[in-house]
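Participant: All chains should be modelled from the sequences, with the hints used to inform the complete structure.
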Amino acid sequence: MRRTLSLFNTLTRKVEPVIPVQEGRISLYTCGPTVYNYAHIGNLRTFLFQDLLKRTFRTAGLQVRHCMNITDVEDKIIRDSQGALPADASNDSRHAAMKALTDRFTAIFLEDLDTLRIQKADFLPRATAYLPQMIRLIQDLEAKDLAYVREGSVYYRIAGLPQYGCLAHLDREGMQAGASVDADEYERDSVTDFVLWKSAKPGEPWWDSPWGPGRPGWHIECSAMGLELLGERLDIHSGGVDLIFPHHENEIAQSEGSLGHRWVNHWVHGEFLMVEGQKMAKSLGNFFTLHDLVAKGVDPIALRYAIQSNHYRKVLNFSFEGLRAAENSLRRIRAFRKRMEGEGQAGSGPWKETLEPLARLGQAREIFWAAMADDLNTPEALAAIFTLISDLNAQDDHVALTREEREEVLAFLDETDAIFAAWPREALSLDAEVEALIEARRVAKATRNWAEADRVRDQLKAMGIVLEDRKDGTVGWRRG
RNA sequence: GGCGCCGUAGCCAAGUGGUAAGGCCCGGGACUGCAAAUCCCGUAUGCAUCGGUUCGACUCCGAUCGGCGCCUCCA
20 MRRTLSLFNT LTRKVEPVIP VQEGRISLYT CGPTVYNYAH IGNLRTFLFQ DLLKRTFRTA
80 GLQVRHCMNI TDVEDKIIRD SQGALPADAS NDSRHAAMKA LTDRFTAIFL EDLDTLRIQK
140 ADFLPRATAY LPQMIRLIQD LEAKDLAYVR EGSVYYRIAG LPQYGCLAHL DREGMQAGAS
200 VDADEYERDS VTDFVLWKSA KPGEPWWDSP WGPGRPGWHI ECSAMGLELL GERLDIHSGG
260 VDLIFPHHEN EIAQSEGSLG HRWVNHWVHG EFLMVEGQKM AKSLGNFFTL HDLVAKGVDP
320 IALRYAIQSN HYRKVLNFSF EGLRAAENSL RRIRAFRKRM EGEGQAGSGP WKETLEPLAR
380 LGQAREIFWA AMADDLNTPE ALAAIFTLIS DLNAQDDHVA LTREEREEVL AFLDETDAIF
440 AAWPREALSL DAEVEALIEA RRVAKATRNW AEADRVRDQL KAMGIVLEDR KDGTVGWRRG
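Under my numbering, residues 20 to 499 are what the first sequence spells out, in order.
No wet-lab data here; the hints were simulated from the structure.
Take the hints with a grain of salt, since some may be wrong.
Stated by the list, open to error - Within a straight-line C-alpha distance of at most 20 Å, the following computed PhoX-like cross-link-like pairs (lysine-lysine) qualify: (1) Lys220 <-> Lys95; (2) Lys490 <-> Lys357; (3) Lys490 <-> Lys464.
Facilitator: Okay, here's the thing in structure tokens:
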């Protein structure tokens, strides 16, 4: 079945249902990384939120065409890649140096996505592969008198677009007051006009263009690639809140200036992440990349859960205590899954409120989806899972669920895991060594050799296998 | 100066006009050889503060205090 989801739209500042332009198919553009360094957990929060968004739509029965750009030409990339080159280095060698840096960090970024079980976009275009499209778009804006040339650079004339400021909800006067003047862009008609094409300065890699050697401005790549790969009417465009202005406002100016009509229906932005109550900053020593945390022994999936269990539009305070809570919460869900995979134990007397497990499950599923459909309310959706677990655990203690009921519950866990990717089905088989140890412990226990039984149990625990003795004498296990 | 957000138990957090979901942690009990897992019981007379509206407010309005964001590169 296909469900309709609602999301907060930055354009209107209201939660609105997402009605795809093409029924059942969502086009999604998300602003990707600038690949000049390791992604930090703040960046990754945004990508994790977008993964949640995408997986929720897919699990809700919609197709999603997702495009995420890889920004591989930009000031910081140039700064970090050109330092070792001589002043008279050729343009080819400058490009090669830039590409070496961006190739390296693109690969690392893609690994990070895998580590966090973030599904890769259907399109991952690199900006440098779309120069012709960007140049064409700028020419089109020029033809429409929305762009002008100054000394080899091209600027967007925001005075030409009435709706400029609609996304950030800024009026022109307010912008004038706050705008600062970039020293080397003083030649613009208005300080709030932004650059579409930057003329090359000495020491920078460049491309040929109708305006001479230069490189694209930051905003133009998203418009050009979004238009090229997803089309003239996008359902959703997303990024971090910091991109609302100027980046997304400028994307709207470029795309809608060229198209002459609305480009994106739903703008969705994820909030920031703080660390232990403070803004994340290298100077505060609280700046973490995924690699830093993994090196500290953090389970990346616990990080995924810690981030996704908070609402995406609220500032998230990352902490190691929160990470621990996430690990423990996951343990509870996974233990429940394991229990449902096994058989029920003999009941121990009457239970005060016998449930109809399938009805209870259906109720949990509805609450879960109502919460997710309401602007991705993950705290409430997860609460529906936890109360279900609590009720069914209690039920199963007294009147064991049938095999069929257990399978239905597992199907719901699969369904929710398709979104959260944190409690997957795991291989039921164990390797021979573990099997042998479990048997050795069973024998020791049967002969009341408690010391040996405990020793083997500890040994297994060190190997990541936790044993659980059941009432009927059998022994269960789980990874922990 | 302009625009906007947030303040709910030790920690995280939902709710947003009808009398406080959920998770983590913690205490007591059951089960167990001991554990683990699980179950049962308990844990905010109160939702930053002070006023107001209302039969009734954590939820609406106003003020105050505290924290944060954007207006400039930034997830």
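Participant: Hint by hint, note whether the structure agrees.
Facilitator: Here is how each hint holds up against the structure:
1. Lys220 <-> Lys95: With Cα atoms ~15 Å apart, Lys220 and Lys95 stay inside 20 Å; holds.
2. Lys490 <-> Lys357: Judged against 20 Å, a Cα distance of about 16 Å means the pair holds.
3. Lys490 <-> Lys464: holds, 14 Å
Checked against the numbered hints listed earlier, the structure breaks none of them; every hint is satisfied.
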